[in-house]
Amino acid sequence: MAEAVLETRDLRKAFGALQATDDVSISLRAGEIHAIIGPNGAGKSTLIAQISGALAPDAGQVVLDGRDVTGLPVQARARAGLARTFQISQLAMEDTVLQNVALGALGAQGRPFGMFRPVLRDRAIRDRAEAALERVGLAGQRAMRAAELSHGERRKLEVAVALTLEPRAFVMDEPMAGLGTEGSAQLTGFLDGLRAQAPILLVEHDMDAVFALADRVSVLVYGRVIASGTVGEIRRDKAVREAYLGDEA
Amino acid sequence: MTRETLFNLAVLAGLVALPIYAHLADEPFTITLATRAVILSLAAVGLNIALGIGGLVSLGHAVFFGIGGYAMGILAFHAQNYMPLMEAPFLIEGTKSMPVIWLVAVIASALAALVIGLLSLRTSGVYFIMITLAFGQMFYYFAISWSAYGGEDGMSIYVRNGFPGLNTLIPIQFYGLCLAALVLALGFNGALARSRFGLALNAARQVPDRVRAVGLDPFRLRLVAFTISGAITGLAGALFADLNRFVSPTMFSWQLSGEFIVFIIIGGTARLFGPVVGACLFVVLEHYIGGWSDYWHIWFGLLLLVIVLFGRGGVIGLIAGKARAHG
Chain U
1197 MAEAVLETRD LRKAFGALQA TDDVSISLRA GEIHAIIGPN GAGKSTLIAQ ISGALAPDAG
1257 QVVLDGRDVT GLPVQARARA GLARTFQISQ LAMEDTVLQN VALGALGAQG RPFGMFRPVL
1317 RDRAIRDRAE AALERVGLAG QRAMRAAELS HGERRKLEVA VALTLEPRAF VMDEPMAGLG
1377 TEGSAQLTGF LDGLRAQAPI LLVEHDMDAV FALADRVSVL VYGRVIASGT VGEIRRDKAV
1437 REAYLGDEA
Chain W
16 MTRETLFNLA VLAGLVALPI YAHLADEPFT ITLATRAVIL SLAAVGLNIA LGIGGLVSLG
76 HAVFFGIGGY AMGILAFHAQ NYMPLMEAPF LIEGTKSMPV IWLVAVIASA LAALVIGLLS
136 LRTSGVYFIM ITLAFGQMFY YFAISWSAYG GEDGMSIYVR NGFPGLNTLI PIQFYGLCLA
196 ALVLALGFNG ALARSRFGLA LNAARQVPDR VRAVGLDPFR LRLVAFTISG AITGLAGALF
256 ADLNRFVSPT MFSWQLSGEF IVFIIIGGTA RLFGPVVGAC LFVVLEHYIG GWSDYWHIWF
316 GLLLLVIVLF GRGGVIGLIA GKARAHG
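Taken in sequence, the protein lines are chains U and W. Here the first sequence is numbered in the working numbering, starting from 1197 and rising by one per residue. Here the second sequence is numbered in the working numbering, starting from 16 and rising by one per residue.
In short, the hints are calculated from the structure, not lab data. Ideal placement from N, C-alpha and C gives every residue a C-beta, glycine not left out. Fair warning: there could be bad hints in the mix.
Said to hold, decoys possible - Sample of chain W residues at the chain U side, in silico, Cβ under 8 Å: (1) Gly-177; (2) Leu-181; (3) Ala-206; (4) Arg-211; (5) Asn-217; (6) Arg-225; (7) Gly-230; (8) Asp-232.
Stated by the list, open to error - Pulled from the structure, derived: some chain U residues nowhere near chain W, Cβ distances all over 10 Å: (9) Ala-1213; (10) Arg-1225; (11) Asp-1318; (12) Glu-1349; (13) Ala-1408.
Construct the entire structure; sequences and hints are all you get.
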């Protein structure tokens, strides 16, 4: 079995009496897409927040590339190779599409304190930014402001910024959110190819996308992983059908 | 060339031409007014780096203005009294040399901004405004009680400080120095806005979570911006003190901090020439309406109200349209 690139070990987080994350141990191996599914309020966002570093767990560890990163803040985890996308697009709306990806390239390169040379004339940054736009199909919109993009284009730009980081692992929080059937299918195709570059931990409500993409699926209910396995196993799992999937499976 | 660039060049041309005209027409008071406008512009340009790009609404920038002013006042005070600042462990004497005074003003205000930033940038929004205001008040009351340097009365410096190769007593020459400082600061601000730092700081204002997610620390970006911002406003304070040949605690007053913010809003937030336009308008209105009515602030307040309600981009927004993203 391949070594885990990203791993949580017995992660626990409570808000008052609510156990939002209850002994969650999941792993992400090289080359795979591991989907996390579960009903609303199952603790998916809380889990993502602990993996990305926005929220400190009460107990347990987050391990990236064999290194315990539990104590590191968001930006240090990003530098260590963790790229996340947001459920609600986090884009600099006043900036152009190219500036948004350039920010990712700048973050990947470090040294953000240069104050005299124009950042977009920096070949290394510009090339990396343009390449990411090219890959998600936004190269034509590079001069538009992020605010002028359609919802679907913003979702693509979210992914493009993550690409510029050339990470060890992707953590994607509902990348399909709000996309139509066509947009979902398009992004599904793109993510399918992306797993070869770096594995993806995918939180997603769009079951068509999950069943098409995931190598493994973990089901989260009330903060607990109630089942974990291949798409086929999960679809047949009785507990999962009761808790979540219902007729969809 | 965009309309905004054209407008900026026109403003700059005016700042060069008007005082030259006043010089030829022998109207030194007009030059003094223009010098005041240029120095207040410089102070607001400093603030605009923190406020416009970084979104840091500091209601305590008079601290840096005052520190710059007192740096000048203290150094010149000791020089005119032939009393060293300190003798042990090593001798520090006062000075009447502008370059030295400016250097001290910039370093002292940058240090103050660094410390105040370290403490206040952990908060945001209204809390940040209140903490910076509180620091402003601390410095204000400290200056009032600092009797060694004039306390509440402030101190007068009898002769304007010197600059190598110039006669700073001639109004137009001192004006030239101030304008040069403003142009340099604007050039730096323009470059900064397009630079790596500008991109990151601008994003930290709009989407700090995104900035963290790409591996950068918004706090550090803001701290550096705040420090640079304080240093520029500090330089303006030193010039302002030299213009009036007088330093007093009012340079630390929160009203002044508020006026800097108002300059930026009136001119156009995050617009390169926004603070310049705002400060110039302020000085012009202060002089003309102030000469006609003691309650001129009411009229200035009305102007501010109209601009906030109807022209979100300030005067520059009204004239040159929406701001364009770089690149």
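To test your reading of the hints: which numbers does this structure violate?
As far as the earlier hints go, 1, 2 and 11 are violated by this structure, in ascending order.
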